[in-house]
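4 protein chains.
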Amino acid sequence: MPTGYVHHPLFYWHDTGTSAGVVPADPSAGIQPFTHVESADAKRRSHELIHTSGLLATVKVIDPREATMDELLRVHTSDHIQHLQEQSELPGGGDAGDGFSPVGRGSYRIARLAAGSLVELVTAVTEGTVSNGYALLRPPGHHATADQGMGFCLINNVAIAARHAQEVLGLARVAVVDLDVHHGNGTQSIFYGDPSVLTISIHQANCFPPDSGGLGDNGLGDGVGYALNIPLPAGTGHAGYLHTMREVVLPALDRFDPDLILLSAGFDANVFEPMARQMLIADTYREMTRLLVDAAERLCHGRLVSAHEGGYNPWYVPFCVLAHVEQLSGHRTPVVDPYVGVVAADHLLPHQREVIEAAAQLVAGIKPAPTNSAA
Amino acid sequence: MPTGYVHHPLFYWHDTGTSAGVVPADPSAGIQPFTHVESADAKRRSHELIHTSGLLATVKVIDPREATMDELLRVHTSDHIQHLQEQSELPGGGDAGDGFSPVGRGSYRIARLAAGSLVELVTAVTEGTVSNGYALLRPPGHHATADQGMGFCLINNVAIAARHAQEVLGLARVAVVDLDVHHGNGTQSIFYGDPSVLTISIHQANCFPPDSGGLGDNGLGDGVGYALNIPLPAGTGHAGYLHTMREVVLPALDRFDPDLILLSAGFDANVFEPMARQMLIADTYREMTRLLVDAAERLCHGRLVSAHEGGYNPWYVPFCVLAHVEQLSGHRTPVVDPYVGVVAADHLLPHQREVIEAAAQLVAGIKPAPTNSAA
Amino acid sequence: MPTGYVHHPLFYWHDTGTSAGVVPADPSAGIQPFTHVESADAKRRSHELIHTSGLLATVKVIDPREATMDELLRVHTSDHIQHLQEQSELPGGGDAGDGFSPVGRGSYRIARLAAGSLVELVTAVTEGTVSNGYALLRPPGHHATADQGMGFCLINNVAIAARHAQEVLGLARVAVVDLDVHHGNGTQSIFYGDPSVLTISIHQANCFPPDSGGLGDNGLGDGVGYALNIPLPAGTGHAGYLHTMREVVLPALDRFDPDLILLSAGFDANVFEPMARQMLIADTYREMTRLLVDAAERLCHGRLVSAHEGGYNPWYVPFCVLAHVEQLSGHRTPVVDPYVGVVAADHLLPHQREVIEAAAQLVAGIKPAPTNSAA
Amino acid sequence: MPTGYVHHPLFYWHDTGTSAGVVPADPSAGIQPFTHVESADAKRRSHELIHTSGLLATVKVIDPREATMDELLRVHTSDHIQHLQEQSELPGGGDAGDGFSPVGRGSYRIARLAAGSLVELVTAVTEGTVSNGYALLRPPGHHATADQGMGFCLINNVAIAARHAQEVLGLARVAVVDLDVHHGNGTQSIFYGDPSVLTISIHQANCFPPDSGGLGDNGLGDGVGYALNIPLPAGTGHAGYLHTMREVVLPALDRFDPDLILLSAGFDANVFEPMARQMLIADTYREMTRLLVDAAERLCHGRLVSAHEGGYNPWYVPFCVLAHVEQLSGHRTPVVDPYVGVVAADHLLPHQREVIEAAAQLVAGIKPAPTNSAA
Ligand SMILES: [Zn+2]
Ligand SMILES: [Zn+2]
Ligand SMILES: [Zn+2]
Ligand SMILES: [Zn+2]
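Chains as they are written, first to last, in the working numbering: chain A, 1 to 375; chain B, 1 to 375; chain C, 1 to 375; chain D, 1 to 375.
Please keep in mind that the hints were generated in silico from the structure rather than gathered at the bench.
For glycine and all other residues, C-beta sits at the position ideal for the given N, C-alpha and C.
Among the hints, a few may not be true.
Chain A residues, not near chain B, derived (Cβ > 10 Å throughout) [to be verified]: (1) D41; (2) D79; (3) G104; (4) L215; (5) H331.
Quick look at which bits of chain B chain A covers, simulated, 3 or more residues with Cβ under 8 Å [said to hold, decoys possible]: (6) 17-27; (7) 91-105.
Using C-beta positions, here's what the derived DEER-type ranges look like [unchecked claim]: (8) C:P91 <-> B:P334: 43 to 49 Å; (9) A:G330 <-> C:T68: 29 to 35 Å; (10) A:A57 <-> B:Q85: 54 to 60 Å; (11) B:D283 <-> C:G170: 32 to 38 Å.
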């Protein structure tokens with residue numbers, strides 16, 4: 001069975017304007033206009049590499065569609081949705097809430113297209129028309145909370161997909177694994193009190209949002225034990241991430257026993273990334289994907305759905321995405337990561353190991369996932 | 001005496017956003033974001049060529065400064081100025097009035113810098129510290145009317161300079177020669193009833209603004225005879241422009257006998273221009289400049305001040321600007337127009353000649369310029 | 001039956017380097033590096049508009065493949081093919097022959113992909129699996145002669161498709177209509193002595209190549225009468241082109257009675273084009289396409305295959321391409337040309353009419369197409 | 001006395017082509033053309049910020065000039081110089097030696113301009129016409145060895161300036177402090193056996209070149225003790241760098257007692273840098289500059305000359321450069337680092353401290369600088 005694949009050029013048309021990287025241009029403050037770091041480049045180049053490498057011919061393209069209002073309101077407040085729509089109709093665009101999340105003209109519809117397409121992909125995976133899936137979405141979603149956009153995110157795609165899986169597809173337990181280098185704070189906050197969704201975020205400690213995603217943040221009320229954070233020190237690489245997968249993420253998934261694994265697939269832990277300081281290479285993403293595919297097969301009939309989040313280096317991200325989708329689909333193209341020779345290998349350092357082991361302790365404390373009352 | 005030269009990097013920081021050339025991006029209408037055609041490229045590359053060619057070392061750089069409110073209000077309504085300021089403070093920028101004139105964040109101050117710098121240059125030329133002058137301004141000005149921005153123009157730099165020349169520097173008669181390929185409608189409208197300012201616009205017939213700048217538009221009231229339009233057919237080139245200069249512009253200047261010649265130096269009649277259909281090459285600009293320098297020397301002590309208006313081809317405009325400033329300054333650099341071999345020569349065609357001769361008829365009807373009451 | 005459609009991201013990867021528009025960068029000569037005017041932008045944006053407008057869903061995508069050596073050698077010398085391959089393997093790329101035709105690293109394979117894909121499209125049209133077709137190719141082909149690349153063209157895609165139609169698909173007579181604003185000199189030269197291929201080129205007089213495509217150039221030997229050139233004056237627009245279609249192109253097609261019409265669909269006669277001075281709008285392309293579709297239906301079972309050639313304005317070309325493919329396919333999307341309001345209408349001028357009528361005289365002299373000996 | 005400042009637009013015209021970041025484009029290997037990471041953006045934007053902030057008005061601009069052949073040959077082999085010249089004359093440019101150091105057309109002359117301008121700046125500082133100096137050079141130099149370009153570097157600007165200082169200006173001992181995040185291997189190798197030049201490199205451990213710049217690499221022969229490397233772990237930030245300055249760099253300078261301090265001012269240890277993983281902010285560069293200015297005043301009449309090396313983030317590097325030049329010149333502009341709020345503070349971690357302290361041990365072992373035999 002092929003891997004499902006979602007893409008659409010409107011994702012590249014989401015207009016993040018002329019910011020100087022991450023701050024709005026302001027000549028009077030010395031901030032010369034440039035391009036926003038969250039531009040279409042990394043994503044369009046990823047899709048084109050998937051195409052030219054031959055991988056596209058092996059996957060099943062899932063037709064995108066806009067999320068319905070019902071789907072949006074399972075996660076977001078109607079105030080937030082209305083705010084996005086209004087900002088999106090301003091002549092010069094607006095912002096989704098924190099001043100760092102540009103909403104271009106028409107971006108409201110594009111964000112709905114991203115969310116709805118992920119819903120379609122989850123449906124296809126669950127119905128078994130594809131084995132697993134990857135959605136090359138833009139704008140990203142994992143920082144968006146129920147009532148606000150944040151960190152370049154407008155609508156929380158993964159959260160909407162998770163709720164759809166539960167409420168429409170009848171899947172009781174959903175695990176969200178967030179590999180984006182920044183804390184998946186939006187997704188975590190949406191499910192913080194909910195034991196039916198396990199959120200696991202591996203991120204660079206204290207990067208973005210500041211002071212978010214600490215080891216001790218583990219859920220609230222019924223949700224205690226169902227949020228897991230592994231805040232890795234800056235400079236962590238291949239060895240540290242794989243150790244984290246083996247010591248924390250896989251055991252946690254095993255204990256939670258999900259019916260579906262959603263992946264917030266940020267590629268901004270790569271070694272050439274401007275927006276973070278980790279050191280992953282394409283092969284790290286390949287290995288992590290292999291482990292997650294195995295886990296999904298072991299635990300939930302292979303149901304693994306990956307949604308693109310961050311990843312801003314326009315020339316390296318495509319090779320990371322390629323490795324990821326190759327591994328999801330089981331097809332290896334002839335393309336070789338051309339940068340691998342120019343970056344040095346890395347090792348697991350003691351101060352990294354320390355964090356990982358502290359997180360591993362928490363896994364042991366995860367209560368077995370509550371059985372679905374309907375089961 | 002050296003030529004005066006005005007430039008400032010803030011001119012390149014004027015943010016025209018992500019328009020698809022000339023229309024605002026709108027993904028829902030099929031309009032993919034891109035860059036505005038009035039971007040910094042052509043201007044920055046012009047300045048850098050002036051620098052690397054060695055020409056910069058021969059001119060005198062005039063320090064830019066912002067126009068004062070008094071200077072602005074000599075030409076514009078306070079409503080327009082306030083509108084610009086407000087639009088300039090919107091987070092995503094705004095528009096100067098017609099929906100095609102982006103006002104970036106902070107552009108109000110940049111537009112004032114452009115206008116004020118031209119005032120300084122006119123002062124320097126009049127005071128005789130430089131022989132003549134060129135101002136590499138941005139945003140441009142010649143479409144801006146007293147109460148509205150238009151056609152990428154925010155503040156009418158040339159009009160402000162003309163009024164300063166009259167009211168502060170004591171120059172009675174000012175001639176404005178507008179070589180921009182579009183009609184200098186803003187400048188014309190500001191002086192339409194005023195016999196002390198002769199406006200001459202050579203432009204592509206019915207290009208922009210539509211239905212503006214016809215042969216028959218010659219001024220109002222006291223100003224009748226002091227506005228002259230030569231609407232050349234699309235496809236006019238070197239021969240047609242030089243014929244226009246010799247048959248219309250120079251005779252008109254001779255009859256008007258100005259104390260100062262201001263040049264709205266648009267370079268968008270060049271043969272590689274996206275925004276118009278004329279066929280000038282760098283040498284055409286060189287020859288036209290030679291004729292204007294001669295006229296200024298003959299008529300008004302060499303007082304010729306040139307202000308950059310349009311010109312959007314980023315690779316060809318610099319060579320046109322270079323030829324212009326070389327001719328103003330009398331220094332020829334070793335740089336050779338590298339495109340001259342790839343474009344064919346042109347000839348004066350009958351339907352072009354017809355327009356030029358109709359315009360020449362009008363010159364004969366220009367009344368001798370009224371003597372300054374103070375003279 | 002749907003329209004066939006060819007595209008591939010490798011077409012956008014053809015690397016034309018850092019030329020300043022059309023001349024190679026050379027800082028010591030004042031030529032600052034920039035981008036080549038024949039970049040991927042106009043083509044990629046065309047494809048994305050075809051996708052986001054919904055038109056893509058109505059066409060049948062034809063799988064691209066590289067042209068075989070046999071196919072290439074039907075048109076080109078083996079020296080030229082070998083030269084392209086060698087230039088394409090140089091670390092910094094090379095040139096296809098005239099110093100203005102960049103061959104990027106790997107462009108040899110991309111050019112073969114363009115040519116081969118057009119062969120596939122012609123095959124599909126002839127076999128009747130699609131009604132007609134459009135190929136969004138890059139690099140373009142119509143300036144390439146048998147033994148040399150030229151004017152951004154490496155391999156003459158249309159000529160290869162024509163020969164394939166004749167030698168493999170058994171179509172005796174092929175008409176090539178070249179709407180690119182530059183003279184289709186390569187195609188003309190390949191078929192100049194061949195009465196089985198009628199070449200018709202509508203172009204801007206004496207634009208590129210210089211002194212090429214005059215009214216009097218009508219073929220050689222047996223081919224006399226089977227080459228037709230309409231060198232329209234700069235500044236010709238909608239009315240002039242439609243008049244040319246009706247007075248020259250359609251009558252010539254009727255007399256020749258082709259089995260296949262190939263279209264060299266250059267979009268560089270558009271009104272915002274940097275590389276020429278004509279004034280077409282999207283609706284002109286729509287109307288010309290309508291006339292050609294009708295002619296193909298009348299004459300050759302609807303067999304009309306269009307290959308993208310030039311067209312360099314990145315924001316306007318997509319709307320011209322969209323109108324063209326809409327009309328080919330018979331599906332009208334909701335997208336409206338957003339630039340139509342900012343350009344003035346045009347009229348047929350006497351000096352344009354004169355050229356068109358001279359060309360129309362030549363049509364009367366076209367001998368009826370020779371019958372295929374095999375028929 | 002003002003700070004000396006060198007810049008020239010030809011530095012921005014150095015053409016690094018269409019590489020995908022750091023590897024040459026190669027569509028057949030999946031490597032889509034893009035822009036080289038060592039583009040003009042970060043440098044041009046730095047200069048424009050220095051201008052618009054008002055800082056330019058406070059410095060003295062030193063006229064650039066090309067290095068003479070004698071100056072080049074003090075450091076490089078004639079084979080290398082000839083190779084650069086030849087590569088620079090290839091139509092598509094070439095490479096300086098390692099396949100990662102693009103030589104654009106004309107870059108030979110630009111590289112000579114960079115080196116010669118630094119010579120002029122060192123001369124001005126030594127002669128006392130400026131207090132200290134900063135040269136915004138491109139291409140960079142510190143990876144270039146005597147006989148080869150490397151890591152984007154063509155000619156070793158700093159080494160040429162050091163030799164000029166010794167051989168022409170009569171300064172006996174030169175200290176080179178290399179703050180670029182990559183190892184200053186070229187500079188080190190040139191002076192590795194020479195006790196008259198102390199080279200100190202603070203860099204990310206095992207980043208580039210691989211396996212270069214270890215703690216134990218301390219010089220050869222007479223030069224033992226006059227090369228110092230501090231290979232900081234990835235993820236080191238403000239605290240780690242300042243600790244390094246205080247515990248290693250300043251004590252080493254004090255022991256060596258230089259007559260001139262040259263700074264290889266790479267800004268690629270910044271927290272948004274794609275090419276490395278350190279975490280400095282603009283204020284870190286400000287503080288390090290303050291310490292070096294103090295050291296220069298204490299040790300060598302304030303003779304501190306800073307040459308731009310790496311630093312590739314186009315939006316953040318300018319603010320780091322501004323802070324550096326503000327501190328050199330003693331003028332603080334009103335510009336505030338707009339990114340400072342979005343990055344978290346950092347702390348000195350034990351595994352960072354360990355390296356710094358090992359390096360500090362080496363300082364104690366530095367022999368007092370040999371007196372100049374001529375003195
Ligand atoms: Zn992220
Ligand atoms: Zn204009
Ligand atoms: Zn063309
Ligand atoms: Zn570096």
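A quick look at each hint next to the structure:
1. With a least beta-carbon separation of about 13 Å from chain B, D41 of chain A lies farther than 10 Å from that chain, consistent with its non-interface assignment.
2. Once the 10 Å rule is applied to beta carbons, D79 of chain A is consistent with being away from chain B; the minimum gap is 20 Å.
3. Not every CB of chain B is more than 10 Å from the CB of G104 of chain A (nearest about 7 Å), against its label as outside the interface.
4. Listed as a non-interface residue, L215 of chain A keeps its Cβ farther than 10 Å from every Cβ of chain B; the least gap is roughly 37 Å.
5. A cut-off of 10 Å between C-beta atoms confirms that H331 of chain A is not in contact with chain B; the least separation is 31 Å.
6. With 6 residues bearing a CB less than 8 Å from a CB of chain A, the region 17-27 of chain B meets the requirement of three and the coverage assertion stands.
7. Taking a C-beta to C-beta cut-off of 8 Å, the region 91-105 of chain B contributes 7 residues in contact with chain A, enough for the three needed, and the coverage statement holds.
8. With their beta carbons about 30 Å apart, P91 of chain C and P334 of chain B fall outside the hinted range of 43 to 49 Å.
9. Judged by the Cβ atoms, the range 29 to 35 Å given for G330 of chain A and T68 of chain C holds: they are separated by roughly 32 Å.
10. At roughly 56 Å, the beta-carbon separation of A57 of chain A and Q85 of chain B lies within the given 54 to 60 Å, and the hint holds.
11. D283 of chain B and G170 of chain C have their C-beta atoms about 54 Å apart, which leaves the hinted 32 to 38 Å range violated.
Hints 3, 8 and 11 from the list above are not met by this structure, while the remaining hints are.
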